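K.L.:
The primary structure of each chain is shown beneath.
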Amino acid sequence: MKRRWLLSLMAGLALMAAASAQAADPVRIGFAISKTGLFAAGTGSQFDTYNFWKDQVNARGGLDVKGVKRPIEFVWYDDQSDPGKAVQIYEKLITSDKVDLLLAPWGTPAHIAVSGVVERYKFPMVGDSAASVKLRELKPGNLWFTTAVMPDRFGPVIADALKANGLKTVAVLTPQLPFALEVKSFLMPALKKNDIEVKVNEEYPPSIKDMTSLLINVKNANPDAVLVFSYPADSTLYMKQARENGIAAPFQFVMVGATESWFTKQFGAATDGIVTMGHWSPKVAAWKKAQPFFDAYEKQFHEAPDYLDSALAYMSCEILEQAVAKAGLDKDGIRKEISTETFETINGPVKFNGVENATTPASLLQIQGKSMELIWPPSIATAKFEKKPAWPAN
Amino acid sequence: MIGRWTIPLIVALAAACGVPFVAGDYLIGVALSLAMWIALTESWILLSGLTGYVSLGHVVFYGLGAYVGILLWGEVGGVLAVGGAGLASGVFALAVGYPALRVRGPYFVMLTFGLAEFCKYIVIDVEAGLGQFSRLLLGGPSVLQLYYVVLGLAAAATALTFFVARSRLGYALRAIRENEEAAETVGVPVAFCKLAAFALSAIIPGMVGALMVARSSYFEPSQVFDPIVSFTIVTMAIIGGSDDARGPFLGAALLVLLSEILWARAPQVYMILLGILLIAFVLFAPGGITGRLLSRPVKVKP
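So the sequences go chain by chain: A and B. Yeah, the first sequence ends on 394 if you go by my numbering, and it's all consecutive. Yeah, the second sequence ends on 302 if you go by my numbering, and it's all consecutive.
One or more of the hints may lead you astray.
Cβ-Cβ distance ranges computed for the label pairs, FRET-style [stated by the list, open to error]: (1) B:MET271 - A:LYS168: 45 to 53 Å; (2) B:GLU75 - A:LYS139: 15 to 23 Å; (3) B:GLY275 - A:ASP332: 23 to 31 Å; (4) B:GLN145 - A:LYS168: 55 to 63 Å; (5) A:GLY62 - B:GLN145: 40 to 48 Å; (6) A:ALA383 - B:VAL79: 55 to 63 Å; (7) A:LYS265 - B:GLU117: 34 to 42 Å; (8) B:PRO286 - A:ASN222: 31 to 39 Å.
Covered by chain A, according to a simulated footprint, are these stretches of chain B (three or more residues, beta-carbon under 8 Å) [said to hold, decoys possible]: (9) 123-133; (10) 191-199; (11) 211-218.
These are calculated hints, taken from the structure and not from any lab test. Note that the structure is a prediction, hence the values are computed from the model and not measured. Where is the CB? At the ideal position from N, CA and C, for every residue including glycine.
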């Protein structure tokens, strides 16, 4: 009796194995993402975009691997917002799960942490939600970054935008996180060069729960612009407490979080006039793939894509897809393809110089009414900067 | 006692040395983190288990070692950087231990926790002042090399705690734990003993810190001074049993195993389970696994 049961089980397994061999073998793509921990609130749009891309590609019949269409399958883990964990995960993905391709984790710390792993295993990966001049120290070869907001480009861009709009005094609030501090270090000399006076310059811990005392300093200084180099949690905090404290600066900038759809949903009319970091918009006519991406994304998720992370994540997927179409799954081929070719993305053409996206300009977005506009630099602007209206009464 | 535990320990060490021959890089990574936790928890036991001065800021030595390690690694090479990291942590412990060990009980717990946070923000400020917001250590040693070095440190930490616990110093430390005034009255040099234990418990975490930076190839202050490291050490010691060098093996092994099983699919469950385990052990088995399961029954005198 027992033996017969075992036999039928084995037969069943054999059948299943045969069946799966007949269908096209999936391309397995691995990544880590912070589902829990300090960064969890900011990672949703990157994760959604990866899945959106996967679904799109699978609906087209699969990923084009040198002419053969194969379905995409994800292998992903939660890195708990711990870059050390991300290192372990990418090792696991490469050596134990033996994935065919990699997508990037969320945020600069995790990107830098896994750079050692992709280098050790010579496994090419297109990065997205990371930016740091430190990245240029990485040996070009296995990691590239789609971002256009490298701190040494982004800092001066903010100063230029302030100057061009006649704003002469600023308050600068910076969480003690690498990217934020780095942007600030390039912003300060640029402000000085443009004769913009820094009235408040404070740093705060990233886990801050109350910034009232900082904001009272800001209010007393009454600057033309408030620049908060915040992440989702402290961007949210700023929105609440700046309104409570009646911060009235015409230019109010929060760095990460404002491009996500939950941000405008949560704060409604209060977001009108908020300036933030981002270099993508569906409204730039020259970027032909931008509007179709926006429409398809909105149709699937019933919300707009994140102008920052969704755009970056999708760009990294597009670049990988185009490289694999030509080079297949061969690591050397993919590496050569990515480092030399120009890729057509939703953010326009992208060509890498070393590890860096050398083509997309660093820029600023502003929420104007219900829409998100690129306001600087003028070469890609979709609207002019508008002074932030008074906070809504309630 | 030594005889009973020598053979299993040697077998365990031999098995640990053999791991890389049968395991892939990922499993070696897991074994590396197990060795790391054993080294850290053994070091913690040397101070907190024996003296009862519970340090909730042991990450400060790890973080400091990491910082010194990354500063030195590129300049003088890995061996000297790791040595320098251990030395720096030891000297730092001597310097802060003298005033810090004057308070005890919950005050010492809070002080050590605060000290670690304080050092974290000092390092953040220093790094910001230097225009460095994170540092990279590229081309470091392979996971295999790191594993053997950290395994060596885990063995060294175990041996250190094992022998200290059985030395005159160990008896003095336990006397301090049970009743510091009485110990002082009978002539135990309490200030010296406590300071010695504090410094000894700092050196190996410092070295481990430097090595783990080489492992992640990335240094960022808030990461290497993460208070979770301190909490994990204390949890492993409590679950394993904190009076003896045997405890951390069981505590660290259990938690690393649990986290390996759970992190990939249910990280929250892992944290909840950790909390439940901790409460359960404090309530029902304050001596930890070693204290509860391995001790001979005590005969109660009528």
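K.L.:
Are any of the numbered hints broken by this structure? If so, which, sorted upward?
P.N.:
Checked against the structure, the hints that fail are numbers 3, 8 and 10, while the rest are satisfied.
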